[in-house]
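Dock chain B against chain A, hints included.
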Amino acid sequence: MIEFTFAQIVEGLLLAARWTVLLSLVSFITGGVVGLLLLVLRVSNSRLLRSLVRIYIEVFQGTPLLLQLFIVYFGLPLLGIDVSAWMAATLGLTFFTSAYLAEIWRGCVEAVPKGQWEASASLAMNYFEQLRHVILPQAARIAIGPTVGFGVQAIKDTALVSIIGFAELTKAGTQITNATFRPFLVYGLVALIYFALCYPLTRYARALQRKWHAAR
Amino acid sequence: MPLVKTEGVEKQFGAHHVLKGIDLTVERGQVVSIIGRSGSGKSTLLRALNGLESIDAGSIEIDGEHVDARHADLRALRLKVGMVFQQYNLFPHLTASENVMLAQTVVKKTSRKEARAIAQQMLERVGLGGKFDAYPDQLSGGQQQRVAIARALAMKPSVLLCDEITSALDPELVGEVLGVVESLAREDMTLIMVTHEMRFARAVSDNVVFMHEGRVWESGPPEEIFGRPSTVELRRFIQ
Chain A
2 MIEFTFAQIV EGLLLAARWT VLLSLVSFIT GGVVGLLLLV LRVSNSRLLR
52 SLVRIYIEVF QGTPLLLQLF IVYFGLPLLG IDVSAWMAAT LGLTFFTSAY
102 LAEIWRGCVE AVPKGQWEAS ASLAMNYFEQ LRHVILPQAA RIAIGPTVGF
152 GVQAIKDTAL VSIIGFAELT KAGTQITNAT FRPFLVYGLV ALIYFALCYP
202 LTRYARALQR KWHAAR
Chain B
78 MPLVKTEGVE KQFGAHHVLK GIDLTVERGQ VVSIIGRSGS GKSTLLRALN
128 GLESIDAGSI EIDGEHVDAR HADLRALRLK VGMVFQQYNL FPHLTASENV
178 MLAQTVVKKT SRKEARAIAQ QMLERVGLGG KFDAYPDQLS GGQQQRVAIA
228 RALAMKPSVL LCDEITSALD PELVGEVLGV VESLAREDMT LIMVTHEMRF
278 ARAVSDNVVF MHEGRVWESG PPEEIFGRPS TVELRRFIQ
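Residue numbers (my numbering), protein chains in the order written: chain A, 2 to 217; chain B, 78 to 316.
With the rest of the complex left out, here is chain A (with noise of 0.2 Å):
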């Protein structure tokens, strides 16, 4: 058994939590990217286009991650496909956000009077116009709580890819654990460190609704 002192223990994970916050920037900001491309098709005037991402969105978010992540890392190589851990996990979280992050903003495109979408048609906007201009920055103010709740959900998300042998926090918490036989200040310095990631997101996204509340 290799010796650890307490500052070797915290350092380590705090290097494996770096991994930790790039997937989840990472994810998120793919997740995000193609989220917004579900969403501008998720209400398009195409019933195909709509039919489709309905599909999508109804895959991705009625499996277990854990599963994607598997079919993911496990999977593709089988067809041939070459996938190292962080791109299997990259890939899944990817899919998994851009379902959920589509599926919340559509709710928050539908909360936009039909007023503004007639407003704008009468001025002879097209559709891409309508969506630009008039309907996502309104659209935009309402979904800001409820995506940086899931921005929160997402970084506790990641712990997953552990599974799949990427070393991020979680995993690196098990190695240690491993090797010092100390479970429960490990984990529990894991649990410390998620919280740190997660509590300021949560208060900034309160504190962002208030100031959008406040500034209509």
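Errors might be hidden in some of the hints.
As the list claims (entries may be wrong) - If you want the ones that stay clear, here's a sample from chain B, every Cβ over 10 Å from chain A, calculated:
1. Gly85
2. Glu104
3. His143
4. Gly218
5. Ser260
6. Asp265
7. Glu274
8. Val281
As the list claims (entries may be wrong) - To spell it out: a stretch of chain A is covered by chain B in this simulated footprint if at least three of its residues, at any positions, have a beta carbon under 8 Å from a beta carbon of chain B; those stretches are:
9. 116-124
10. 133-147
To be verified - Think about it this way: if two alpha-carbon atoms lie no more than 25 Å apart in a straight line, the pair counts; the simulated DMTMM-like pairs of lysine to aspartate or glutamate are:
11. B:Lys157 <-> A:Glu130
12. B:Lys157 <-> B:Asp214
13. A:Lys115 <-> B:Glu241
14. A:Lys115 <-> B:Asp150
15. B:Lys233 <-> A:Glu119
16. A:Lys115 <-> B:Glu130
17. A:Lys115 <-> B:Glu87
18. A:Lys115 <-> B:Asp247
19. B:Lys157 <-> A:Glu119
20. A:Lys212 <-> B:Glu175
21. A:Lys115 <-> B:Glu175
22. B:Lys233 <-> A:Glu130
23. B:Lys190 <-> A:Glu130
24. B:Lys186 <-> A:Glu130
25. B:Lys82 <-> A:Glu119
26. B:Lys185 <-> A:Glu119
27. B:Lys186 <-> A:Glu12
28. A:Lys115 <-> B:Asp214
29. B:Lys185 <-> A:Glu130
Think of the hints as simulated: they come from the structure by calculation, not from any bench.
These figures come from a predicted structure and were not determined experimentally.
C-beta atoms are modelled at their ideal positions from N, C-alpha and C, and glycine is treated no differently.
Below, chain B alone, put in the same frame as chain A:
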């Protein structure tokens, strides 16, 4: 040639036959009021004129833009047709001037500088030159509706549609909006309005159209429609 001409326009919502063959002609510079009970199809007709409702049969021609059940270039049509709504529908995240500027810059690709100048001019025209930077929720209903009129006018439409634009207003605010409409009528703007303000319709209209059960039941100059109604339905309605 008439500015607006509809022939046999029909519209059905499911089993409900809302428009049963509407023939309507409006000359350039005319003010036409459409009156009738709720459910008579007058709002649907107005909304069909700028393509907010598609039509099932018939044709619409506005300033050279042709629309029928199969073909509609809505963008071209809507550049000719402005619309003001009962609920104003201003963009709440934009100031009064930004509301007036938006479609100019986005659709017509007018420069911001020019769009600003037009916005100033239009807001002054509706008596709101001082509310340039106000957000909609800082304005009264009457002021919001006047901004909505300025927003439509800024696109330089050939015809302006007004859909019960004073119906959502407190009584004391109706006058300021009707005042703006009246000044537009005097400036030879072509106006088609659905209204419940009978006295106003009588005073400013060149033509009044009485709709009943999805048809143009009676139409003519206001003195005739209000003074000598020839059908019992119209007589009952204006009583």
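Consistency of the hints with the structure:
With a least beta-carbon separation of about 24 Å from chain A, B:Gly85 lies farther than 10 Å from that chain, consistent with its non-interface assignment. At the 10 Å boundary, the C-beta of B:Glu104 stays outside the reach of chain A, the nearest C-beta of that chain being 23 Å off. Listed as a non-interface residue, B:His143 keeps its Cβ farther than 10 Å from every Cβ of chain A; the least gap is roughly 16 Å. Its beta-carbon lying about 14 Å from the closest one in chain A, B:Gly218 satisfies the requirement of being farther than 10 Å from that chain.
Interface exclusion of B:Ser260 from chain A stands, the closest Cβ pair being 21 Å apart, more than 10 Å. The non-interface label for B:Asp265 is consistent with chain A: the shortest C-beta to C-beta separation is roughly 22 Å, beyond 10 Å. With a minimum CB-CB distance of about 21 Å to chain A, B:Glu274 clears the 10 Å threshold, and the non-interface call stands. With a cut of 10 Å on Cβ distances, B:Val281 stays outside the contact zone with chain A, its closest approach being about 22 Å.
Counting residues of the stretch 116-124 of chain A whose beta carbon lies closer than 8 Å to any beta carbon of chain B gives 8, which reaches the threshold of three, so the coverage claim holds. As drawn, the stretch 133-147 of chain A meets chain B at 5 residues by the rule of a beta-carbon pair under 8 Å; at three or more, the given contact holds. A distance of roughly 18 Å separates the Cα atoms of B:Lys157 and A:Glu130; the hinted pair therefore holds under the 25 Å criterion. As the CA atoms of B:Lys157 and B:Asp214 are separated by approximately 29 Å, the hinted pair breaks the 25 Å bound.
The straight-line distance between the Cα atoms of A:Lys115 and B:Glu241 is roughly 17 Å, inside the 25 Å bound, and the hint therefore holds. As the CA atoms of A:Lys115 and B:Asp150 are separated by approximately 22 Å, the hinted pair is consistent with the 25 Å bound. About 18 Å separates the Cα atoms of B:Lys233 and A:Glu119, which keeps this hinted pair within 25 Å; it holds. Note on A:Lys115 and B:Glu130: the hinted pairing holds, with a Cα-Cα distance of about 14 Å set against a maximum of 25 Å.
For the hint pairing A:Lys115 with B:Glu87, the CA-to-CA distance comes to about 24 Å; that is within 25 Å, so the pair holds. Restraint check for A:Lys115 and B:Asp247: the C-alpha separation of about 23 Å stays at or below 25 Å, so the hint holds. Straight-line distance between C-alpha atoms of B:Lys157 and A:Glu119 comes to about 16 Å, which keeps the hinted pair within the 25 Å bound. Taking the CA atoms of A:Lys212 and B:Glu175, the gap is about 22 Å. The hint holds against a cut of 25 Å.
As the CA atoms of A:Lys115 and B:Glu175 are separated by approximately 20 Å, the hinted pair is consistent with the 25 Å bound. For the proposed pair B:Lys233 and A:Glu130, the alpha carbon gap of about 19 Å is at most 25 Å, so the pair holds. Only pairs whose Cα atoms come within 25 Å are accepted, and B:Lys190 paired with A:Glu130 is accepted, the gap being roughly 20 Å. Of the supplied pair hints, the one linking B:Lys186 and A:Glu130 holds, its CA atoms being roughly 12 Å apart against a limit of 25 Å.
The suggested pairing of B:Lys82 with A:Glu119 holds, with an alpha-carbon distance near 23 Å, which does not exceed 25 Å. At most 25 Å may separate the alpha-carbon atoms for a hinted pair to count; B:Lys185 and A:Glu119 meet this at roughly 18 Å. Distance restraint check for B:Lys186 and A:Glu12: the Cα-Cα separation of roughly 57 Å exceeds the 25 Å cut-off, and the hinted pair is therefore not satisfied. For the suggested pair A:Lys115 and B:Asp214, the alpha carbons sit about 18 Å apart, so the restraint of at most 25 Å is met.
In summary, the hint linking B:Lys185 to A:Glu130 is supported, as the alpha carbons are separated by about 12 Å, within the 25 Å threshold.
The structure fails hints 12 and 27 (numbered hints given earlier, in ascending order).
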